[in-house]
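Engineer: Protein sequence lines, in the order shown, are assigned to chains A and B. Just so we're aligned, residue 57 is where the first sequence starts under the numbering used here, counting upward by one. Just so we're aligned, residue 57 is where the second sequence starts under the numbering used here, counting upward by one.
No wet-lab data here; the hints were simulated from the structure. These figures come from a predicted structure and were not determined experimentally.
Identical chains blur together in the list; that is why a pair holds if it fits in one copy or across any two.
The calculated lysine-lysine pairs, modelled on DSSO-like cross-linking and capped at a C-alpha distance of 30 Å, are:
1) 225 with 200
2) 225 with 332
3) 332 with 389
4) 289 with 332
Protein chains: 2
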Amino acid sequence: MTVTKGYAAQSKTSPVTPFEFERREPGTTDVQIEILFCGVCHSDLHQVRDEWGGSIYPMVPGHEIVGRVAAVGSGVTKFAVGDLAGVGCMVDSCRECESCGLGLEQYCDQNQIVFTYNSRFPDGTPSYGGYSKSIVVDEAFTLKISPKLDLAATAPLLCAGITTYSPMKHWNVQPGQKVGVIGLGGLGHMALKFAHAFGAHVTQFTTSPGKEDDARRLGADEVVLTRDPEALKALAGTFHFIIDTVSAPHDLNTYLNLLKRDGSMVLVGLPEDPAKVEAFPLAGKRRSLAGSNIGGIAETQEMLDFCAEHGIVSDIEMTPISQVNEAYERMLKNDVKYRFVIDMATL
Amino acid sequence: MTVTKGYAAQSKTSPVTPFEFERREPGTTDVQIEILFCGVCHSDLHQVRDEWGGSIYPMVPGHEIVGRVAAVGSGVTKFAVGDLAGVGCMVDSCRECESCGLGLEQYCDQNQIVFTYNSRFPDGTPSYGGYSKSIVVDEAFTLKISPKLDLAATAPLLCAGITTYSPMKHWNVQPGQKVGVIGLGGLGHMALKFAHAFGAHVTQFTTSPGKEDDARRLGADEVVLTRDPEALKALAGTFHFIIDTVSAPHDLNTYLNLLKRDGSMVLVGLPEDPAKVEAFPLAGKRRSLAGSNIGGIAETQEMLDFCAEHGIVSDIEMTPISQVNEAYERMLKNDVKYRFVIDMATL
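This is chain A alone, in the form it adopts within the complex (with noise of 0.2 Å):
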């Protein structure tokens, strides 16, 4: 075992500070990784205060993770040491069962798989996220990463992009179609630069007249204010797909209603609260409404290409690891353009 330094919630009314742990040696298949950066999402807040039940603690947060590779098992055959690489929100899944097989581990039918962090392995030993010095991942479940891209601006893709990009695949967004992006956040500003990258017409729904700019600097062919009732009913019946990525309440029927027959909306921000949906706006025109999660590891390595190809990062701010207890207070008013990253040289 080698000991790891990290940031670590002690419980769930703790801030995140300073912790030691053990990480265990590489095994045959296995990458040892020293973190660069890691991102800070959305969801590593929601944990560490237990927002989601079943919290673990001590918690090393972090699922957004690039660095560089300082070992690997005899066996490992994709990464030789030096070469970079990221992990994301999943370190294993069963492997066997029907969606592991599809390289869809992220609904692993066998609901064996090991996150990141606040999770457990087959043995019962937790599982430490990015907060940290280094990690080590199945080599199954490590990506490559273009030295071509930002290095710390990709960390974010990770998690906030592949969720964006796994819906809009699946849901088959063809250049031409109109795309909705529902927020501007981590996951939004995602959203917009995957859609205007599949060549789709988008549009950034938003509360916040002073996004409108930004949200075009991204992507955004069109802003639509939803405070606005007039400018939503105009667009009734017109989008191919809307990705959600919201996760305070709000009320989606009005977003059902601008889908076209057949169209899908889907959740990415999971609130808390069960949202009301009418029945009929979904039958009026045979509309879906969907949820999606992540992205199994085959299809976030061919995200993670798709950027490098496209030159396509994340927007960033950069933190020191003491600081990120102010970062996720600043993320709770969304006051972050678009995504805290942390320097993991300041730990």
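Chain A is already provided as a structure; the job is to place chain B on it using the hints.
Structural biologist: Only chain B this time, still in chain A's reference frame:
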């Protein structure tokens, strides 16, 4: 114009009582049908009582119509006097939009559907439905009825039949798939018959222990009592497709959790109140909650032909038209197996 006898509601608080009104003479492409049977749909009652708003009075309800052609316009090519014919929920649409062009008139992009009753033709005249002696309908919205089928029991196929057939075809129900049917009434019993005919492994969800034998007779392989939370829990993640025919308030999340990854649950029951939908069951397995509204004209013909081939009709109870208000009261108590059909000879 021809004076026609029928039954109508004069206001949202009136019973349905005898009423005489005028039908247009058959135009070039019109078919005049002497109505033999008309099914009693729950939506008749919703609209008679103005529960969806905007009802037009006097209202002659009825959109599950089977009869015999009494006259045809000079341009009619598909029907001859003496043929059997059927009319469902629609008698016209814009016929020019993308949806109409695809045979999806029920989703007409111009919102120019003329429903069979409680609707208006482009010239402003109201449409009157099947609780009457005859009806005049453009042949493009008239269905061919096979003489192989029991005519009275065929009438409910025009709404209850197509409403359950269409989503199973659209969501591609396949042999061996697990299909769930929520509710066992007019729609539910047709859903059982179709799912069984498509070769699915069919599970009936019901609150009524007394319905088990009937559900099996109608096509269910399994019957699950929804008041048994343990029985439901054991089925989590196992269904490809669930069709929800219940319009009374009920918890949708319970059933969403029963879907496999990428499974869909489709509402055809149209509850008046919004349902509370949680994001986690959707995102956790990329599930969809959708709605579906009747079916297009070509698909309705396909369904009728499928029924003729497979000997599928509705289970019905015949009622004289003078008893239709009593039929409504019994329908409200689910005291009918499974659809009332008015014998128009009693008018």
